[in-house]
Amino acid sequence: MSEAVKEKELFSRTTIGFWLYLMTDCVLFASLFVTFAVLRTATAGGATSQELFELPTALLETIILLTSSYVCGLALLAIHNKRVKQLVWGLVATFILGAAFLAIELREFALLASEGHDWTQSAFLSSFFTLVGTHGLHILVGLIWLLVIFFVLRSRGLTEKLRRQITLFGLFWHFLDLVWIFIFTTVYLIGGTQ
Amino acid sequence: MTAARYAIGFVLSLILSLAAYYYVVLGGSGTWFLVILGVLAVTQMIVQLIFFLHLGDEVGPRYRLMSFAFMLIILLVVVVGSLWVMVNMNYHMMDMTPTEKTDYMLIQYDKGF
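Protein chains in written order, with the working numbering: chain D, 1 to 194; chain S, 1 to 113.
In case anyone wonders, no lab produced these hints; they're calculated from the structure. It is possible that part of the hints are untrue.
[To be verified] Going by beta-carbon spacing under 7 Å, a handful of chain D positions derived as facing chain S:
id, residue
1, F11
2, G17
3, F18
4, L20
5, S31
6, L32
7, V34
8, I64
9, L66
10, L189
Note that CB positions come from ideal geometry on N, CA and C, so glycine has one too.
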């Protein structure tokens, strides 16, 4: 087997393995989604979802994360064309947008907690913080992963192994954007008004 | 995988997100509310699966598509099953006081499986 064929096979095997992990993560998120859906009205006399959620903030987060996912896609294109400069700028932009998203989310959490609406107030808020917090934690892991990619890129350059890593990161990041669509819809759009 | 495909996916996703947002903000409600939001979200999911995650581009045995389909089955069982059971239980217990609820649960427990 030639070197190129071996590399291609390794690439497709790694991708499938990571994809299977993403699918199990989907099931994790599904269980958190349905927990939220079941407990949304269990406010224990505290604040309801209609009183707490700000839709404009949620839309801003949605647009930031979507743009981040798009820019990350452009960075992935740069890998295939081996344009390192475009790749680096794409990943830097992805990181900045991801960090902005996380900052807005943490600000929202802090605001809720400072008004006394923390996760101990009701089953509804427990499920809200668990669902949205788990997504935020994934974003944080993605940002740390990006930092590692930057570090390796600086010290060793764009090796085959790193190219695989960046492609997997791209899958992860697109996947997180996909999960956010459903958080935006069920938690904010439906929970915020109905 | 081209830049044009990513751009199409990005614009379509943006339009679908904004459509859902303005439908809700401009006072959408009623029986079709959940259906319309559900359709918009699922459409955006399909758009992103095709244009961002390239699920349609696989060649040979389509392992990614198959595992995705299997995941959807598990997801539906978890989501629909939980909602069904919990809504049903709430419906049957909604007029009870906390004490009555406890007694009812104990009676159900004594019945066994």
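Hint check:
1. Contact between F11 of chain D and chain S, as hinted, is not supported at the beta carbon level, the nearest pair being about 13 Å apart and thus beyond 7 Å.
2. Interface restraint check for G17 of chain D: the shortest CB-CB distance to chain S comes to about 10 Å, outside 7 Å, so the restraint is violated.
3. With 7 Å as the threshold, the beta carbon of F18 of chain D stays out of range of chain S, its nearest partner Cβ sitting at about 10 Å, so the hint is violated.
4. Interface restraint check: L20 of chain D against chain S, minimum CB-CB distance 6 Å, threshold 7 Å, status holds.
5. The restraint placing S31 of chain D at the interface with chain S holds, with a minimum CB-CB distance near 6 Å, inside the 7 Å limit.
6. With a least beta-carbon distance of about 10 Å to chain S, the hint placing L32 of chain D at the interface is violated under the 7 Å criterion.
7. The beta carbon of V34 of chain D comes within 4 Å of a beta carbon in chain S, closer than 7 Å, and the hint placing it at the interface holds.
8. Look at I64 of chain D: its Cβ only gets to about 11 Å from chain S, farther than 7 Å, so that hint breaks.
9. With a cut of 7 Å, the hint placing L66 of chain D at the interface with chain S holds, because the nearest CB-to-CB distance is about 6 Å.
10. Satisfaction of the interface hint for L189 of chain D is found here, the shortest Cβ-Cβ separation to chain S being roughly 5 Å, below the 7 Å cut-off.
Of the numbered hints stated above, those contradicted by the structure are hints 1, 2, 3, 6, 8, listed in ascending order.
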